[in-house]
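Novice: Could you build all of it, start to finish, from the sequences and the hints given here?
Just add 6 to the spot in the sequence shown (first one is 1) and you have this note's numbering.
What the hints contain is simulated information worked out from the structure, not anything from laboratory work.
Careful, some of the hints might be misleading.
Derived DSBU-like pairs (lysine-lysine); straight-line CA-CA distance at most 30 Å [to be verified]: (1) K8 / K42; (2) K42 / K23; (3) K23 / K8.
Now the in silico label distances, taken between C-beta atoms and shown as ranges [as the list claims (entries may be wrong)]: (4) R77 / G31: 16 to 22 Å; (5) G68 / A30: 18 to 24 Å; (6) E41 / Q81: 30 to 36 Å; (7) R77 / D38: 17 to 23 Å; (8) E16 / S79: 27 to 33 Å.
A virtual CB, placed ideally from N, CA and C, is assigned to each residue, including glycine.
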Amino acid sequence: MKILFCHGLESGPNGSKYQALVAAGFDVVAPDFREKCLAERVSILTPLLEDGMIVVGSSYGGLTAVLAAMRASCQLRGM
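Specialist: Rendered as structure tokens:
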């Protein structure tokens, strides 16, 4: 199952939460949002969203995920 992971404001794309998802056997895509404002994060994330995908957001990454999902024209499996 494919998961799109959105890291928080003070973390990075390959941190412990990302590692835990990979270790659990998930196919994880984790864009690098470091040093990006919220609008840039949403712009990066929106085109990566696909039908049937699960999106996981940590803290500020959760806000990013919700805003991108509102813009996307796809049906996510879950957030």
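Novice: Quick check: which numbered hints come out false for this structure?
Specialist: Violated hint: only 4; rest satisfied.
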